[in-house]
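Undergrad: Residues per chain, in single letters:
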Amino acid sequence: AQSVSQHNHHVILSEAASLELGCNYSYGGTVNLFWYVQYPGQHLQLLLKYFSGDPLVKGIKGFEAEFIKSKFSFNLRKPSVQWSDTAEYFCAASLGGYNKLIFGAGTRLAVHP
Amino acid sequence: ETGVTQTPRHLVMGMTNKKSLKCEQHLGHNAMYWYKQSAKKPLELMFVYSLEERVENNSVPSRFSPECPNSSHLFLHLHTLQPEDSALYLCASSQRTGRTDTQYFGPGTRLTVL
Numbered sequence: 433a434q435s436v437s438q439h440n441h442h443v444i445l446s447e448a449a450s451l452e453l454g455c456n457y458s459y460g461g462t463v464n465l466f467w468y469v470q471y472p473g474q475h476l477q478l479l480l481k482y483f484s485g486d487p488l489v490k491g492i493k494g495f496e497a498e499f500i501k502s503k504f505s506f507n508l509r510k511p512s513v514q515w516s517d518t519a520e521y522f523c524a525a526s527l528g529g530y531n532k533l534i535f536g537a538g539t540r541l542a543v544h545p
Numbered sequence: 007e008t009g010v011t012q013t014p015r016h017l018v019m020g021m022t023n024k025k026s027l028k029c030e031q032h033l034g035h036n037a038m039y040w041y042k043q044s045a046k047k048p049l050e051l052m053f054v055y056s057l058e059e060r061v062e063n064n065s066v067p068s069r070f071s072p073e074c075p076n077s078s079h080l081f082l083h084l085h086t087l088q089p090e091d092s093a094l095y096l097c098a099s100s101q102r103t104g105r106t107d108t109q110y111f112g113p114g115t116r117l118t119v120l
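Residue numbers (our numbering), protein chains in the order written: chain A, 433 to 545; chain B, 7 to 120.
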């Protein structure tokens, strides 16, 4: 069955540390890939997306992600996190004709000042 | 209002009650979705409506009944729910353009079933 897995459920970092959140998907066909973020008390917001083309995708707030087809991965990165990046991050893959989104379990990031 | 709105934001209901969740999108999209977000589980797609037709029902129990009267509105009618149905219910919308849809989410309705 198609699935999306996020390796880290909880990540704790200090401000200015670098961030990498892992995401792997299991599907042999063409996929669209997304990272969403949910800040405390707020709704899911799109951080970035990959449909095709350059596998390094830049999103909002200094985030980027790299699609590595051979590894079925779409890891999220930020070189220097801020306290305001404290949130839950969700990787998702869109499969099939109706763009059914399959989500990973999410990673809770806590950034300490 | 902009984006995707949902009402109510919080709902407490008994197992014998009937209630409805409402979603409205102000983005001019033609597809709408219901998701369930339970504690410690990934978001689960429940229903997909495209051009007001239901195109996906992800094995959801019949106590959940969706309705899409037009492309801007989506309802989720609830009856005889179980405590395990307590969750955050999220609505999303997208503009179907082939395989490059992006879904935009509402703030959710936090449902508690007693």
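It is possible that some hints are incorrect.
As the list claims (entries may be wrong) - Lysine-lysine pairs mimicking DSS-like chemistry, simulated, CA-CA at most 27 angstroms apart: (1) B:Lys25 / B:Lys47; (2) A:Lys481 / A:Lys501; (3) A:Lys532 / A:Lys490; (4) A:Lys493 / A:Lys481; (5) B:Lys28 / A:Lys493; (6) A:Lys503 / B:Lys46; (7) A:Lys490 / A:Lys501; (8) A:Lys493 / A:Lys503; (9) A:Lys532 / A:Lys503; (10) A:Lys532 / B:Lys28; (11) B:Lys25 / A:Lys481; (12) B:Lys25 / A:Lys493; (13) B:Lys47 / A:Lys503; (14) A:Lys490 / B:Lys25; (15) B:Lys28 / B:Lys46; (16) B:Lys25 / B:Lys46; (17) A:Lys532 / A:Lys481.
Derived from the structure by calculation, the hints contain no laboratory data.
Undergrad: May I ask which of the numbered hints given earlier this structure violates, with the numbers listed in increasing order?
TA: Hint check: 5, 11, 12, 14 fail, others pass.
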